[in-house]
Amino acid sequence: MTWMRRHLLDLQSLSAEELTLILDTARGFRAVGERNIKKVPALRGKTVVNLFVEPSTRTRISFELAALRLSADVINFTAEASSLKKGETLKDTVRNLEALNAEFIILRHGASGAPQFLSQFARAHVINAGDGAHEHPTQGLLDAFTIRERMGRIEGLKVTILGDILYSRVARSNIWALVTLGARVTLCGPSTLVPKVFEQLHPSIRVTWDLEDALRDADVVNLLRIQHERQRMSAFPSIGEYASLFGLTPPRAARLRPDALIMHPGPINRGVEIASEVADGHQSVILEQVTNGLAVRMAVLFLLNGGRQSDLGTTP
Amino acid sequence: MSDVLLEPRVLQRTIARMAHEIAERNPQSGDLALVGIQKGGVALAGRLSAALERILGHPVPVGLLDVAMYRDDLGQRAAPALMPTEISFPLDGRIVVLVDDVLFSGRTIRAALDALTDLGRPRRVQLAVLVDRGHRELPIRADFVGKNLPTSLRQRVDVRWTEDGGDDTVRMLEMPA
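Protein chains in written order, with my numbering: chain D, 941 to 1256; chain Y, 2 to 178.
No lab work stands behind these hints: they were computed from the structure.
Beta carbons: idealized from backbone N, C-alpha and C, even for Gly.
Any given hint could be a false lead.
[What the hints assert, rightly or not] Here are some, though not all, of the chain D residues that point toward chain Y, as calculated from beta-carbon distances under 8 Å:
hint	residue
1	Thr942
2	Trp943
3	Met944
4	Arg946
5	Asp964
6	Thr965
7	Ala971
8	Gly973
9	Val980
10	Pro981
11	Ala982
12	Leu1097
13	Phe1242
14	Leu1243
15	Asn1245
16	Gly1246
Based on the provided sequences and hints, a complete structural model is requested.
Have a look at this one:
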């Protein structure tokens, strides 16, 4: 299996072989992060632009460090401090960045489909760092990587994703990676945030609003942050009510399988979707996810960097 | 179309001779370590280590080195698969013998030297290869060579280790024009 794509726009369109190649490659890069010298020359001379039209700190930092550890030069471009504020279109911004010979554009954007739009005219490799409620491919990859490293496999596992599914690009990317790699996915949360129609995406997806049912025999529980900023309507009465009905409290966590993993993409709202004791407990792999995120992003940059001259200008 | 260059018994003798040369060249054998370059150098490094242990009477540690991240043609070809780098002993102060099956352009060795430098500072680095087929593109030469073999660019040297499911035979393959 060799990597042939120019861009990483979503996980929905990736095959199991492509996903596995990324995870295998990430394993090599995780080992680099454990060395004394944590840098390799794979992207020497290449320029990576972090184009974050929507604010983000941890994803940007993770991509920035990934690029730096591959020896690329990195420019951080945020909407607040840029020409986008002055009325420049996204297309013109990207053309300007390309005029500086940027080879990679990592785009975070509030609008679903913005990376896809960019990929239609950009000469640079486009990486989706989160677009609206659509996808956040590298988060889905790092979650899949963490599960595979901890459990030894993904196929056949029962993974529960708990929380705000409706507005979550993290949920969507997780769903696609997991079902493509053979896991069974249970989606759980308040019915207003977990519509039954998600079951129509794939036969391995199940929706339940019963938390006990979702936790009972799960191998992995992935908790999603309640996204106050993305909530356009009031999906549940109060944060306190959400915490009492769906928060992973110590008594609930105690009923999980003893070897089940507890995951969270961060930033965590302690006391809301997860209790402090659970977040810091021995089943939690939350910080490991952060470490793995770096390795996965290095792998994505490394794979996209490959290619031949004849591929330039074609999509995907 | 293929010609057998080294059959299993000759291969084994060749490796034994290389081990003797390595032992002779390095009287401070306690500092010796072998590092096999993924993928073809790994089996050879294991064989050399076993042979050296018989000669020296003490084990010689073996590491694995993947050079994919250090190649000079990344971006001009599909990204190469990564294989594990596993060096469980400190490289600092060691005499490291880099091991590969076939020495060709020398670019893999150039990458291996860079990769090694990022992992530690050996006192000395030497190079052992089973087959030197010529066509060097960089000023690199091997210290220990199993067999010197003039080849044309259309030929390929194919080493099949039993460790990798092969038959311990080295063959010359003619590539279609």
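Hints, one by one, checked against the model:
| no. | hint | verdict |
| --- | --- | --- |
| 1 | Thr942 | holds (4 Å) |
| 2 | Trp943 | holds (5 Å) |
| 3 | Met944 | holds (7 Å) |
| 4 | Arg946 | violated (12 Å) |
| 5 | Asp964 | holds (7 Å) |
| 6 | Thr965 | holds (5 Å) |
| 7 | Ala971 | holds (6 Å) |
| 8 | Gly973 | violated (12 Å) |
| 9 | Val980 | holds (4 Å) |
| 10 | Pro981 | holds (6 Å) |
| 11 | Ala982 | holds (5 Å) |
| 12 | Leu1097 | violated (24 Å) |
| 13 | Phe1242 | holds (6 Å) |
| 14 | Leu1243 | holds (5 Å) |
| 15 | Asn1245 | holds (5 Å) |
| 16 | Gly1246 | holds (3 Å) |
Checked against the numbered hints listed earlier, the structure breaks hints 4, 8, 12; every other hint is satisfied.
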